[in-house]
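Engineer: Here's the letter readout for the chains.
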Amino acid sequence: MSIDQAHDKAHFPLPRRVIASPAFRTYSRALGTIATGALVGCILIFLLLPTLIVIPMSISETDYIQFPPRGLTLKWYGAYFGDADWMAATWFSLKIALATTATATVVGTMAALAIVRGNLPFRSFLQTLALGPMIVPHIILGVALYLSFSPLQLTGSLLGFLVAHTVLAVPYVIITVTASLQKFDPALELAALNCGANRLQAFFLVILPNIAPGVAAAAVFAFLASFDEATVAFFISDTGGKSIGRKMFEDIDFNLTPIIAAASTILVATSLLLMGAAHVLNVRKPSA
Amino acid sequence: MTSSARFYSQATSIWLATPLMLALLAGFVYPVARLIALSFSGGTLNHYRRIFTEPLHLSVLLSTVEVAAVVTMACLALGFPVAYLMAKLSKGLAMVTAACVFIPLWTSILIRSYAWVVLLQRHGLINGLLVKSGIVDDPLKLIYTQGAVVVAMTHVLLPFMILPIYSGLRGMSPDYLRAARNLGAGPTRAFLEVTVPLSLPGVFAGSVMCFVLALGFYITPALVGGPSSMLMATLIGQQTTVLLDWPFAAALSTLLLAVTVISVLLFRRTLSFSKGLNSVH
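Chains as they are written, first to last, in full-length UniProt numbering: chain U, 1 to 288; chain G, 1 to 281.
Mixed in with the good hints there might be a few duds.
[Said to hold, decoys possible] In silico DSBU-like pairs for lysine-lysine, Cα to Cα no more than 35 Å straight-line: (1) K141(G) / K75(U); (2) K183(U) / K88(G); (3) K91(G) / K183(U); (4) K132(G) / K75(U); (5) K242(U) / K95(U); (6) K75(U) / K95(U); (7) K242(U) / K141(G); (8) K95(U) / K183(U); (9) K242(U) / K75(U).
These aren't lab readings, by the way, just hints derived from the structure by calculation. Since the structure is predicted, the reported quantities are computational estimates derived from the model, not experimental observations.
Please put together the full structure from these sequences, using the hints given.
Structural biologist: Below is the structure:
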């Protein structure tokens with residue numbers, strides 16, 4: 001008896017004649033598809049709901065968390081934009097994220113070129129090392145960075161955050177740009193060099209325009225990796241320089257107001273817009 | 001096109017990689033090395049001895065591994081059907097499913113933890129529904145429990161399981177299944193003997209990613225877990241921010257790092273970060 005038959009026997013105590021009939025097979029297959037679909041639908045709701053629930057919470061009039069929201073108000077958004085602490089944290093994080101995006105994209109793209117096209121004596125070691133910050137628990141990095149930065153008075157500073165977040169964002173850049181470079185025909189660069197271009201010209205006139213969508217997507221990932229980062233930011237923030245991640249963490253722990261929902265909604269919207277942009281950039285063919 | 005054409009000289013390559021090496025040195029290698037060195041401060045192993053002789057610390061280490069394993073299995077149980085269906089669906093529906101996976105993936109862990117705090121609170125959404133529908137008389141204690149930590153962590157890590165399995169299943173040629181069916185295998189047998197074995201590399205990659213990430217989780221357990229459900233990361237956080245015992249925190253960190261690196265090395269062959277991440281976009 002095959003697994004299949006055993007399965008049928010165990011679950012459908014029906015006459016063999018019925019089980020073997022084509023109508024029953026079609027029916028049971030449709031039932032199976034519906035069951036799988038329903039199961040997956042429930043899992044997708046589990047995935048999505050906690051992310052989207054912050055939106056209705058941010059427009060509720062009550063100042064405790066209420067669901068379904070009562071009334072319709074934008075006062076929590078007003079409170080968010082009117083609060084000096086929230087604004088300072090938002091601007092600080094935005095500055096860090098933009099500086100990190102620029103640094104990580106340039107540093108990561110240069111390294112990706114060396115990894116894909118170069119003769120690096122320690123290539124696989126460098127690659128493993130560069131991906132290390134993704135594997136090492138962020139709590140360890142946070143504690144380690146605090147330990148090294150605090151004697152140098154780099155905690156709460158733009159430079160301290162820039163170094164920390166560049167290391168955290170660079171793996172995304174290397175992975176994305178390496179993939180773009182591997183799709184790009186190296187013969188085109190050789191042709192440019194043969195036609196008299198120097199290395200720099202070949203890079204800016206031939207390689208970069210072709211891998212630009214990948215580099216742009218990498219920049220989006222770097223931005224989000226920095227802007228959404230919370231664990232390391234928690235440890236290297238201080239009273240003078242607080243990232244939005246640190247501010248949110250403190251408020252969720254001690255001061256749970258709907259302002260957090262308003263701030264979260266803005267962050268979710270920003271992430272979605274940027275991810276949409278990265279998707280469009282990456283789907284578009286480099287030659288198009 | 002292959003990437004075999006390596007035509008940058010060694011000098012140029014090293015020059016191109018230098019900024020990355022400097023950044024990694026300043027922001028990764030040196031700080032972590034210093035932390036490890038601090039754990040051996042005084043030239044003794046006393047801090048490590050403390051971890052293994054105090055039952056509380058040992059139990060935190062064990063429950064961290066346990067929670068990571070439970071979360072990984074929950075992610076596998078929930079993630080496999082999603083990845084399986086995503087690989088079988090038509091392009092449009094697969095895109096909708098993919099969006100449902102990516103939206104949480106690129107939402108800050110803080111926001112998702114916040115949502116779980118709101119959902120699981122004493123007067124939160126879930127308790128509200130349970131009381132209103134008459135299933136329970138008094139609100140249940142949901143938040144600040146081990147269960148809350150497991151549910152919230154599973155939610156955060158699920159996309160890391162779905163994506164590698166999906167990219168493995170999508171790469172599988174439908175010819176294998178067709179051949180199995182032609183040779184007389186029923187749908188169940190074809191699934192168990194063809195699809196499942198071929199999905200194993202993705203399953204392993206996803207499981208290792210979830211397990212390793214779960215070992216070091218800080219934000220979610222710190223916000224939805226109570227003092228009774230302490231994990232390694234929250235213990236390290238407590239030692240540094242409350243008790244200010246840095247050498248002991250360094251020893252705990254080194255131990256957690258060792259567990260993480262050993263897990264990665266054990267499964268290195270199945271772990272392809274670039275594979276998992278390439279499916280992200």
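Engineer: Hint by hint, which ones does this structure get wrong, listed from lowest number up?
Structural biologist: No numbers; nothing is violated.
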